[in-house]
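Sequences are here, hints too, so could you generate the full structure?
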Amino acid sequence: MAADVAVVVEHLNGTIAEVSFEMLGQGKRLAAALGGKLRAIVLGRDARAAAEACGTADAVLYVEHEALGGFDPEAHGKALAALCAESAPAVVLVGNSSKGMDLAPDLAVALGVPVVTNVGAVAIEGGTIVATSRLYGGKIHAEVQVAGGRAVLSVLAGAFPAEAGKSDRPAAVEGVAPPADLASRIAFQRLIEPEAADVDITKEDVLVSVGRGIQDKDNLEIVQELADALGCPLSASRPLVDLGWMPKSRQVGKSGVTVKPKLYIAIGISGAPEHVQGMKDAATIVAINSDPKAPIFDVAHYGVAADLFDVVPALTEKVRELKG
Amino acid sequence: MPIEKEKILSVEPERIREKSRFVLDGMDISGHWNRMFEQRVLWGYEPDRLDQVTKLDGGESLGWCYQCGKCVGVCPVDVVGDYGPRKIFRKVQSGIDLFTDDDLWLCTTCGNCLRVCPKEVDMIQIMPAVREQAVLEGHMPPELQDAFEKTAKYGNPLGEPARKRADWTREAGVEVPILAKTKRAVDVLWWVECYPAYHPRGREASRALARTLAALGIDFGIVGVDEKCVADSQRLAGEKGLFESLAEDNVKTLAKYEFRRLMVTDPHAYNAFKNEYPKHGGSYDVVHYTQLLAPLVSKVEWKKTLAARVTFHDPCYLGRHNGEYEAPREILRAIPGVEVVEMFRCRQNGYCCGGGGGGMWLDGFNAPHLEERLSERRVREAVEVGADVLAVCCPFEVSRFEDAVKSTGNEGKLVVRDIIELVDEARGARQ
Amino acid sequence: MNGNEPSPGETLMNIVVPLQQTPDLVEELEINADGTDIDRDAVTLQLSEWDGQALEEALLLKEAGAGSVTAVTIDGGEADAILFTALAKGVDRAVKLKPSGDAPTGLDHHALARLLAAAVAQLGADLVLTGVQSVEDLDGQLPVLLAAMLGWPHVSVVTGTELRGGAIAVKQEYSGGVMAELEARLPAVIGIQAARQAPRYAPVSKVRQIQKTAKLEEMPVEAPSGEAGLKIRRVFKPEIAGRAEILEGEPAEIAAKLVSLLKDRGLAI
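Chains as they are written, first to last, in my numbering: chain A, 1458 to 1781; chain B, 472 to 902; chain C, 4 to 272.
These are calculated hints, taken from the structure and not from any lab test. We put the CB at the ideal spot given by N, CA and C, even for glycine. Misleading hints may appear alongside valid ones.
Beyond 12 Å from chain A on every Cβ pair, some chain C residues (computed) [stated by the list, open to error]: (1) D44; (2) G109; (3) A121; (4) G143; (5) L166; (6) K215.
In silico lysine to any residue, SDA-like type, Cα no more than 25 Å apart, as pairs [unchecked claim]: (7) K1674/A - A838/B; (8) K1780/A - P254/C; (9) K266/C - E1778/A; (10) K624/B - K1780/A; (11) K745/B - I689/B; (12) K260/C - G1688/A; (13) K1750/A - R634/B; (14) K266/C - L1779/A; (15) K266/C - D1755/A; (16) K621/B - D1675/A; (17) K635/B - I34/C; (18) K1674/A - G80/C.
What follows is the structure in structure tokens.
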């Protein structure tokens, strides 16, 4: 059993998170390298439907219980620990999402195995698990070797292709009884859906996106003019939303939305992993940033390493000229 | 904020006294002709607001205002908005809480009101005193807080790493001696300040100045990475503690070096070194770079004629606050081909660029209260006198005016140059 | 325990806020000689951004009448400045933890959590608020490890809290603006993503005054040994994959190149 790989599948309102497919795809490869099986784990009040969408896995274990309805970190933690203690997989992949942050370190402590966070790459080298963690806003990576042959890996969204984890194959689902003890000191109370947004940036073909490099709220005008010239809305990275300069509905990235426009122009955005996971699949990415070493240039197709205050107005002008 | 919003009350019906039938001295004034109102009560009036200001150290003179209104005509903020010290006095007297009101952050401490005030109501003392209290109580615009935090953390309001403070020297084309390394006495210690050290346009001017100093054979050096923001604008924006703490550091740093004169690029630093640092144990023979260079213009080897109509914008903290109007003009007049034209607001009545007293970090916050930025108004004035170059000698101004040239649609008509950049160009040194 | 005597009928809690010092990313980070860590002699440390949010949230709870706030950090680096600033912002106690041996680095959260768990127990905390993450999360996020070691419930990625008797109501943020409301029985560890309002400013004069008058408490703690079970093979700067084609020239030239590129590809223009 110690050669198996388990993927904790995250789902909300019947939709499976993209990162779960990414992990299933990668999990399949890891299981093959270890000579074991890939198991998907789905927890919930109604988990079966989600379980059936995980055909990539060799087996899908689902646990259904009233206490697993909403995400209660303690109840979910107990159910997951019980399942993993029994099946003892070598590797458990958990998404580094809000829920995953509550689950991964907790599970590692419960199982007495190491945890690696912010995992962007993983390999098996002669039976040893080697994971690469993206630290310091993606500026520095650490390659670590896990002691003892077992680990919980908290995987960054967007690190692996989702296609490899999607399958039309009927899943071999298996309902597992929840552990006797799911008592929790936490009570899930309700889900709060976001208010209807003025613009749905996930449905736009073109986005001009702005980050901390804009420096001053007043400077937003400069990028707004470019967006106006292109006839598209503005989106933003988290800092600007936290500052209250941009509405939450325009936030791209981990705690915002994932966008896949045809053209994404990132202005003054350094490219922290939290942002990149929300826009890396845009068809064409243009990045304008004064720091030539900014990680955004890693995902961009076209880069301009210059002062945005010089380049953006010039670009606006050219766009206007062309559009007449 | 318009005062009407809170203070004008609609007339309550029960206060209306009106006789439907009334004949007075044979004249029929029935109906609304005889309408009278009972005295009304100003319920929004807070009588102690003015006391709260005047009891502060530095706040006293607000109470001396006798509403003559001379200040309003010269207040640069009133030109593009609805402001002016007289109005501030009246609003505070009738009950606004200046400590939490947006009006608190509009004053750029340019000093033009004090110049004309017969009662010496001193906004340059009043505003920082009230702002200091506001900052202590946590009321300040977020963008200003950001500038304070960056200044405290990095020693500059731009949030740039301290260790990159002297990086601009690499591309100067001449050696810029860093005193921590050369360890020798110099004639002129050049205090570069933050925008000239970090801002791309400030750096260009710094390089031009370095080349000019070298060409004139001036024995100079800079402090380098240990230099920290002089923070005079942060002081005027209410962060007195930050100013004092940096002043202590900078006085200690300067004590390590031997020099005869302290030359600054920034008029705000000039003001602080001249008028504030002596209170913190630092007394220096401080000169602005234009004052150092003006007597030397006959020694400059000019290689190019610029053929430009140049107008000069007096920095508030060099001119009005410290009385230097001639040195920058002397340099400009010495540049071959330069014709100097004056804007109608110049010298003692020079218009403010909007960057002083913390205004540099308040453009976003103040925008809703202004029809246009002060820098935009100033750029229009430069265009009006037919200038093709707006010359400046304060590091806040180049970027402010260049933005304003673009936003007022005057690109191609007017360029903004630091005086030293014009010198550098006419010397044929500009790279 | 905290100097505040509870008035009859109400329980005042002791909120402990562990503050981590992490490298300032404004500065370029360098790798150490053997390539197994960043060069810690060259970094500028600062209060971890998320811990600053946690501190603000704790102060908001205190101002709502919750009780007292104790800030703790490990001695060394910017510890004094961080704690004096916390006092200026309004915490009741500021405690410097003095490990018996080498303090764990930011890349060993297991050791850090072990050390803090001892401190939290000693301080008699009812509630721990700390940053949900840091820029150094290699072996698990600190609040969850800390909760696991204390045996307390935990909620991560929280953007607002409210005390309700012996429990804390929190908003947990998912992606896409979706949030959940949860209630955790105390004692608990809450990982704060963002406080309800931007962290307050500590005026320098206040900090300086406190530096002159207040004394930081010191608490000896056992320096834990490594238990993360990870061996760092190498720490490196990722190669910029060179995916981006970099456009160069004057702004106008760059703009022209870019526009023609977009036009050729039928994008937006």
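Hint by hint, here is what the structure shows:
{"no.": "1", "hint": "D44", "verdict": "holds (16 Å)"}
{"no.": "2", "hint": "G109", "verdict": "violated (9 Å)"}
{"no.": "3", "hint": "A121", "verdict": "holds (16 Å)"}
{"no.": "4", "hint": "G143", "verdict": "violated (3 Å)"}
{"no.": "5", "hint": "L166", "verdict": "holds (15 Å)"}
{"no.": "6", "hint": "K215", "verdict": "holds (33 Å)"}
{"no.": "7", "hint": "K1674/A - A838/B", "verdict": "holds (10 Å)"}
{"no.": "8", "hint": "K1780/A - P254/C", "verdict": "holds (19 Å)"}
{"no.": "9", "hint": "K266/C - E1778/A", "verdict": "holds (13 Å)"}
{"no.": "10", "hint": "K624/B - K1780/A", "verdict": "violated (45 Å)"}
{"no.": "11", "hint": "K745/B - I689/B", "verdict": "holds (22 Å)"}
{"no.": "12", "hint": "K260/C - G1688/A", "verdict": "holds (20 Å)"}
{"no.": "13", "hint": "K1750/A - R634/B", "verdict": "holds (18 Å)"}
{"no.": "14", "hint": "K266/C - L1779/A", "verdict": "holds (9 Å)"}
{"no.": "15", "hint": "K266/C - D1755/A", "verdict": "holds (23 Å)"}
{"no.": "16", "hint": "K621/B - D1675/A", "verdict": "holds (18 Å)"}
{"no.": "17", "hint": "K635/B - I34/C", "verdict": "holds (19 Å)"}
{"no.": "18", "hint": "K1674/A - G80/C", "verdict": "violated (33 Å)"}
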